[in-house]
Amino acid sequence: MHTEAAAAPSRLAHHFPDMKTQEHAARMGMWLFLSTEILLFAVLFTAYALYRFLFPVGFEEASRLAHVAMGATNTVVLITSSLTVALAIHYARQGENRKVVGLLAVTILFGVTFMVLKGFEYHHHWVDGQLPGRFYSYSGLQGPGVSMYFALYFLMTGLHGLHVLIGMGLLGWVAWRATRNEFGPGYSTPVELSGLYWHLVDLIWIFLFPLLYLL
Amino acid sequence: MSPSPASSPAYQTPNYLNAVKGVGSWLTTLDHKRIGVMYLVLTVLSFFLGGVFALLLRIELVTPGPTIMDAMTYNRMFTLHGVIMIFLFMIPAIPGIFGNFFIPLMIGAQDVAFPRINLLSVYLYLAGAAIAVWGMIQGGTDTGWTFYTPYSTTTVTTVAPVLLGAFILGMGSIVTGLNFIVTVHTMRAPGVTWMRLPLFVWAMYATSVIQVLATPVLGMTLLLVAFERVFGFGIFDPARGGDPILFQHLFWFYSHPAVYIMILPAMGVVSEVVQTFSRKNMFGYKAVAFSSLGIAFVGFFVWGHHLFTSGQSTFASGVFGVLSMFVGLFTAIKVFNWTATMYQGAIQVSAPFVYFMGFLYFLVFGGLTGIALSTVSLDVHWQDTYFVVAHFHFIMVGGTIMAFLAGLHYWWPKMFGRMYSERWALAAAVLVIVGFNATFIPQFLLGNMGMPRRYYSYPEQFWPLNVASTAGASLLGLGFTIVLVYLVVSLVKGRVSGPNPWNSRGYEWNTPSPPEAQNFPETPVHDRGPHEYQDGPAAEVKHAH
Amino acid sequence: MNLVNEFLRKLLFLPLQASEWARQLDYLHYYVFITAMLGAWVTLATAVVFMIRFRRKHAEQSTPIVDPKPIHEAVFIGLPLVLFLSYFAIGYPQYVRLQTPPKGAIDVYVQGKKWMWKFAYPGGPNSTDVLRVPAGRPVRLLLTSRDVIHSFFVPALRMKQDALPGRYTQIWFNADLPGRYPIFCAEYCGLGHSSMLGELVVMPPAEWDEWMERERRSNQPQAQDGQPVEAEQVDLRGSLVDQGRRIAAVQGCFKCHTVDGTQHIGPTWLDLYGRTVKLENGKTLVADEAYLTRSMMEPNAEVVAGYKPVMPTYQGKLAAPDAAAITEFIKSLRTDAPTAEPQKGPIYVPVTGK
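Residue numbers (my numbering), protein chains in the order written: chain A, 4 to 218; chain B, -15 to 529; chain C, 228 to 581.
One or more hints might be untrue.
What the hints assert, rightly or not - Label-pair restraints from in silico Cβ distances:
1) A:PRO20 - B:ALA114: 35 to 43 Å
2) C:ASN229 - A:SER38: 52 to 60 Å
3) B:ALA455 - C:SER445: 49 to 57 Å
4) C:PRO329 - B:VAL36: 47 to 55 Å
What the hints assert, rightly or not - Taking lysine to aspartate or glutamate and the EDC-like style, the derived pairs with C-alpha atoms no more than 16 Å apart in a straight line are:
5) B:LYS270 - C:GLU300
6) B:LYS270 - C:ASP294
7) A:LYS23 - A:ASP131
8) C:LYS345 - C:ASP356
No wet-lab data here; the hints were simulated from the structure.
We treat Cβ as the ideally placed atom computed from N, Cα and C, and that holds for glycine.
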């Protein structure tokens, strides 16, 4: 089970003086990367704020067309998945790689659930013609700002969905490494950093959900 | 420019260039020094490509009417010139070449923190450049490098590939910046405290902060324009309730700080050059170091000075105007401290120093015209005229390229172990500085006369000054070509430089020239700051005046 | 003063100054130019003196550490700060003045379009590329664009303002030197950008009044509210909308179109602007200015699904400014007009009550 004694020396890259420095660097790099992700979304949040201000009525009416039940379920799903990832990190530090694999598998399953539900939502909007910009053809609600809401809805949830997929890929890769018993008290950085990424994905959704579904 | 003189004496010592051989060893290298050299080749190639377009543009403007191309070609060409110069040269050049090569050497590290990501940034550069240039050749974008909506969303030319290319180039820029920040934080050798960090590293650190925090905004904004073009989402389309001014805000939120991505590294380079060639430690080290951070910080809050005539509120214009002046203030501090560094120095007037003096001159005038432009009312006349064109070329070409050339000549022996011909270098430096003045001083006057930028044809009163500008541009082109030729020649025929031809006490010179593949056989320990040219251990501290 | 002004103006290649504001701006320009040149050359001369004076004597020459006292850095910061702030202190109020039209300015409606300038006087004539204004009277320009961003630039007035599609911006001037001055488009707008030239004709006031009267009589016999606007502050956009409503009534548009959302022979105008409409032939398009205008001129080319092609053409019956006025009127008909407006809302009411 515990392989860190053999693993630790080989994991040190040639250009770092010691493992501590290397992990510090990796963690710092990840945090910086997450800040760029937040700024990427910040553009969309800015656009949302501006157009919400310009078209308060259109946005309010259009957000009623969002499927709150599915959105709420997805929120619960993602928050729970953050918990399972946190547990996986905990067990990775203990070197209990089998639990890590199990927990990550559950997390990925949550991710799949999220994407499937999202897919149903997209399908409903598609069928009803509640689409961005010039594709908007829903006769039940017309007026300025409505198609803008759907442009932002699809851009924001689409970009977020892409991040969910990337996060699932990352967690899958880490889970695969856990099946090879790679993690332990001396080395668990990949699990931690992928977990951080997953938490960010979760966090962004926690902002998206009220903005797009509830307000 | 790929160096291959394996038989010559300089390269008989083992070094990073001859440690491993073959094209494959370059394409898969993780060595920050080789990556720096690859950036050198790529960015210089881009620079000459962009320069050829600049010359063609100037030739077109020799007569008031059509000269050698039609309006559509002209519009595509200035877009090409702008995109290539900014995204393929200005932004990646100094960080990619000197940042990669010297940050680890200066802080006593064996490499940057993430060597694989570093190599990835080169490939992102290649991919972005390929997509952008392919798109421009295919459809020929005619939007200008600013991609203003709704022009960019409605024009009939191909825009999306260029947007995508710029997005990918932005990703390369982000990972480079991220890499440098982590490297500086975690990999300094013992003794290299923050207050002993070479000023080039300080400047690169400030630059990296901007790259990491601003570039994602540009990336997303360009993607939105692409979405708008391809799918008609209407985010910036007034016909669908969109706001074209939102684009300008988002665009300049990146692109103004991006100007500091281009000039801050240049300021770092000249800080090193002026210390070495004056044999003096920096006068006001902290002021110069922290003013870099100051520019990086304030740079995020000045973007609105591009929108003084767009109908933005007068209050916003006032705030952005006055904040812009603080950038000038931080720059002024640097200029004064560089000048004061020369005081009681031991100055060697060599090519890099001549470029430093040129840099000082262009930065002072480019900077002061910038201050004049942020004097809100004057901008109403100058906005979108040749005055603005001349202003940013003074900073970008006059400032950044002078510093780039200063750094290239200063570090050439460090990178390749060879000396270039000093006589040719001095001649080219003078030619470049004279040619540059002749190109852009007429453009300031054209701006005063009211000639708008991006004009394919123009009324006759603008004719004489345009001819003068084109004449200057040809001198400039000649100067740059001479530099390229003697530098390439020096790779083969240049005198072997020895490890430290300038007797510099910068940290990076503590290694052989060219350095070995592994930077330091053992981790260096520093007990004094860089550029301390006092003999004896306890130098007295004298105060100026 | 005049001689100095002329000398510096020519030295800096500045065009004639056709307004008091331009003159004031040039004075600031001279001040900035002279002080900046002085500061720059003192700094650079110091650098050159140091370069000559402190030449290296031998390769390993040692130098003292010279560190700044706080006072040095304070001077380095303080001097430029005072200078820069003095620029701003003069420049910013000038800018505010330019953005604040005086009461009783003559309004001209400016529309940029690839690649021409259209000028319309409320209730008066309209023209292309030639803007006639009386000397010595304030004129306010209300700018918009039909397609992409343009920028209205008159070097002689030292004045420039972007014309944006979908919204209105404003600027004003008081030209006092009769003459003809070029108008440029300063914002890149495509192929014809550099040939999007216009001409500002500043006429002696009496001549202008006469010209205006003549134009009004020949072009706009029905114009009722065309009295010079000195007396009351007319909101141009409001007046255009009102004009549009009146013209629509006269032309009989309301026989088929409603303005309150009720279905009738033709589609309602309420919320029509910007709506995505489905056509008879299955295509969809957005009802923008271009479509609305086309529908007046060639009504049966693009008929909205569910309606009969019964509308007569107004080609030749409706002058361009009238069509624009009706379009403006349609654009004003929005259910959430009060809240949807801020994006478009130009602040037409002068901020100062001079």
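Verification of the supplied hints:
no.	hint	verdict
1	A:PRO20 - B:ALA114: 35 to 43 Å	38 Å, holds
2	C:ASN229 - A:SER38: 52 to 60 Å	58 Å, holds
3	B:ALA455 - C:SER445: 49 to 57 Å	52 Å, holds
4	C:PRO329 - B:VAL36: 47 to 55 Å	52 Å, holds
5	B:LYS270 - C:GLU300	10 Å, holds
6	B:LYS270 - C:ASP294	10 Å, holds
7	A:LYS23 - A:ASP131	55 Å, violated
8	C:LYS345 - C:ASP356	6 Å, holds
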